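Novice: Here is what each chain is made of, one letter per residue.
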Amino acid sequence: MEKSNQELYQERMQRVKDVIALKAPDRVPIVSPIQAFTYWYAGVSLKEAMYDYAAARKAARKFCLDFQPDLDFGPVMMYPAKAMDLLGLQWFRWPGHGISENTMYQFIEGEYMKEDEYDEFIFDPGHFMTTKWMPRSFGNLKGLEKFPPMRGSMWYGWLGTVPPFADVPELWDALEALKKTGAEIARWFESLDLYKQELKAEGFPIAYGGWAFAPFDLLGDTLRGVEGIFTDMIGQPDKLLAAVEKMVPIAIEAGAAAAEANDPPMAWIWLHKGSDEFMSVKQFNRFYWPSLKKLICGLIDKGVIPVVYGEGNETSRLEYYTEIPKGKTIFHFATTDIFKAKDVLKDVCCISGNLPNSLMVTGTPDDVKAYCKKLIDYCGKDGGYIMDTSALLDEAKPENVKAMFEFTREYGVYR
Amino acid sequence: MREDLVAAIASLKLVESLSLVKQMLEKGENPQVILNACSEAMSIVGAEYEKGNFYLAELMMSAKILRQISELVKPKMAEASGDSRAVLGKVVIGTVKNDIHDIGKNIFAFMLDVNGFEVHDLGIDVPVDVFVEKVRAVEPDVVALSGLLTLVFDQMKETVEGLKKANLRNGLKLMIGGCQMDENTVKYVGADGYRPDAVAGVRLAKEWVGGV
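Same order as they appear, the protein sequences are chains A and B. Take 1 as the starting number for the first sequence in this note's numbering and just add one per residue. Take 1 as the starting number for the second sequence in this note's numbering and just add one per residue.
Honestly, I wouldn't trust all of these hints.
[Said to hold, decoys possible] Below, a list of computed lysine-lysine pairs in the BS3-like style, where the Cα atoms sit at most 25 Å apart:
1. K239/A <-> K157/B
2. K114/A <-> K13/B
3. K397/A <-> K157/B
If you're looking for bench data, these hints aren't it; they were derived computationally from the structure. This structure is a prediction, so every number in the text was calculated from the model and none was measured.
Given the sequences, and given the hints that come with them, work out the whole structure.
Specialist: Structure representation (structure tokens):
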């Protein structure tokens, strides 16, 4: 008898829960944060997908029903461009806004915190974000520069912190822009919720809960920029370390809040600047790992499943990852030697990824199947592996994506 | 003092390096001597990188120091004799169209420059015809195409084909770089080589121009 969608939903969920708990599931699960490919495959331009939430849902649904992942990603990667327009987002180029209508959005690094502003950030990150980072990041929030420091409102301090709301018209312009944008973002979240309900009825759980970032990356990606933070590692290491430490609870709070609302409660930690390409093991050990470990453990303590999504080569860092609690996380690997990762981490955490994106573009379905076979045979031995590409999937031949999904479903069964 | 400057740069001490340069300029030192000290320090930095003692942070710090030294020295350059350094070869470099990433490209361009190459950096999001025109104009030994995303595979391929069509591909060495690149991509794009980091890329460029 054919299984109901509800049974399939439970089956998919169980498969993923088993693999994370280091038990052998019924077969190798496929959880793949497919990015632009979804929309190109469905014939929806990226501009359309970012401006028209219904169009994005339709494309994501087509992808999910055609390829049948175990956990689906839905339209979450198509961020709400109208909200970006309303605020005048500076550190992003998106389709029709700085790049062509069907090109994937791209992040532009800059210095959104200057090298002499560490003390200010460490003293009061909330106020720094409000009055420095937000106005620098969003052209239409310039007025927030005048937002008063509420931390001083105790006793009669409020007599000083409240008047700017009457005296400073730019502050109101910024608050108006926030109000309008907030409503737009709410519409985007409604769309994501609607998608989640629709797909649940079709038998598919959703993979994303919250986004999280390594504390070092939060500072490096969006505040100091790579050149800033890397020269700080040499020029002002103690200030940098104090700021990274300050980021830890901020990162846990941000990651857990959204993850807890999803089932499974996953927080995806997108790793950027700690890989072999970017820093030495010694630097990793001093600047990157201690705070990342605190983030991972902090999320686990809140009942969240961290998906630590490596975007580079981490082969020399694998031993560090054995320090985390067993059977509670997924570690995704891009160009890391994943076979070595299996050897080192097989009793620690479930691993995923490593199917090269370049192969998805330049290879044939047979090349893809051969690589998947290698991954399933070695990394999938006795469970503990989730099929996924190396990086978020944009360009790919549809027949290669089909080969990845179909081959894994057939060959990846544990007998 | 020249030796102190070499040591200060090679040990990545920004404040000390700048103060030494200022003192040297005040004493009327020839700017060329300062620039030579910079290249000497950079060859130490490059060697430390190859030994695995230095990483990207150290390269970036040395770049920051050199940039600030060059700002101090430049105004004095006009008074002194012109740039007398020998050029190892010419390189045209850029991030291909539709890609706006430039961290890797910038550090590679910097490393090429301090290693004696004449570098023509076309920036980011560079269309095929801009590459073609620049190559026609400066007749480089090496063209270096950069890109981070898989979307650049086809764009790189088109750039190589554009150079072929303009009869500029012969005698030209073509390198690609970016984190999605591998030997498959080199073949797909029709390039001559790929290297995973800036220092290895400089070594390949030197091999190509016979300046090892």
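Novice: None of the hints should be skipped; say for each whether it holds.
Specialist: Outcome of the hint check:
A distance of roughly 45 Å separates the Cα atoms of K239/A and K157/B; the hinted pair therefore is violated under the 25 Å criterion. Annotation: proposed proximity of K114/A to K13/B holds, straight-line Cα distance about 20 Å (limit 25 Å). For the hint linking K397/A to K157/B, the alpha-carbon distance of about 17 Å falls within 25 Å, and the restraint holds.
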